[in-house]
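Starting from the known structure of chain A, fit chain B onto it as the hints suggest.
First to last, the protein sequences are chains A and B.
The end of the first sequence is residue 166 by my numbering, with every number in the run present.
The end of the second sequence is residue 118 by my numbering, with every number in the run present.
Treat the hints loosely; a few may be bogus.
Dumping the calculated DMTMM-like pairs for lysine to aspartate or glutamate here, alpha-carbon to alpha-carbon at most 20 angstroms [as the list claims (entries may be wrong)]:
#  : chain 1 : residue 1 : chain 2 : residue 2
1  : B       : 41        : B       : 21
2  : B       : 41        : B       : 20
3  : B       : 41        : B       : 25
4  : B       : 41        : A       : 106
5  : B       : 6         : A       : 106
6  : B       : 6         : B       : 32
7  : A       : 61        : B       : 25
8  : B       : 6         : A       : 64
9  : B       : 41        : B       : 89
10 : B       : 6         : A       : 74
11 : B       : 41        : A       : 153
If you're looking for bench data, these hints aren't it; they were derived computationally from the structure.
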Amino acid sequence: GAGVSQTPSNKVTEKGKYVELRCDPISGHTALYWYRQSLGQGPEFLIYFQGTGAADDSGLPNDRFFAVRPEGSVSTLKIQRTERGDSAVYLCASSPGLAGLQETQYFGPGTRLLVL
Amino acid sequence: AQKVTQAQTEISVVEKEDVTLDCVYETRDTTYYLFWYKQPPSGELVFLIRRNSFDEQNEISGRYSWNFQKSTSSFNFTITASQVVDSAVYFCALSEAHTGNQFYFGTGTSLTVIP
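Same shape as in the complex, but just chain A (with noise of 0.2 angstroms):
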């Protein structure tokens, strides 16, 4: 089947924009979390969604980062006044949702976000 997808796969935009990632889990899954991974470093967490509910949100960095499930399917991150340190990957994952914790995580090919 199909993996986790994400759209688009790279994103150019200006300080101070405003941008959304979009996210298509694995069929069935019912958990997702995106992660951002900085160049030469290993992704960090974010946040992590239930069905349509967040979680746990502890990773989002400040305010400006806001991430929606409304049908607990597609997720979008969406990022407030772009900043030049937002420069990054962002990748989704997704987990299907039912063992319970520590489960394998399935992770998309990411969205490549330049702040110029």
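Frame of chain A; chain B shown alone:
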């Protein structure tokens, strides 16, 4: 403090050599999971293995093997008879019971296999 340490930033080996990628983790939980992912140049993280804290048996999958030692908090990954297609960045990750579903990743080891 870094929960997962991958001290080797870059490794180069000649094809057919064996190579071991080190991973040291830190946690106070008794229940936790460890993972390895491969990130080829295309950028997508590919799942390799998941191991829980109660299972210290080593695992072998083809040319890949993993050595989990709780006594040294290590979960090392060995590739036997390396191939050019093994060239990638490899990440070790930790998931703890008390912190929920977030993964803590190391900084990765970039492996280059030279033909």
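Results for each hint:
1. 41/B to 21/B: Since the Cα atoms of residue 41/B and residue 21/B sit roughly 17 angstroms apart, the hinted pair holds (cutoff 20 angstroms).
2. 41/B to 20/B: With Cα atoms ~19 angstroms apart, residue 41/B and residue 20/B stay inside 20 angstroms; holds.
3. 41/B to 25/B: holds, 14 angstroms
4. 41/B to 106/A: Answer violated: residue 41/B to residue 106/A is near 26 angstroms, above 20 angstroms.
5. 6/B to 106/A: Given that 20 angstroms is the threshold and the Cα spacing comes to 19 angstroms, the pair holds.
6. 6/B to 32/B: holds, 12 angstroms
7. 61/A to 25/B: Cα-Cα ~34 angstroms, so violated.
8. 6/B to 64/A: Outside the cut-off at roughly 34 angstroms; violated.
9. 41/B to 89/B: holds, 9 angstroms
10. 6/B to 74/A: Violated - the C-alpha atoms of residue 74/A and residue 6/B are around 29 angstroms apart, more than 20 angstroms.
11. 41/B to 153/A: It holds: about 17 angstroms lies between the C-alpha atoms, which stays within 20 angstroms.
In terms of the numbered hints stated before, the structure departs from hints 4, 7, 8, 10, listed from lowest to highest.
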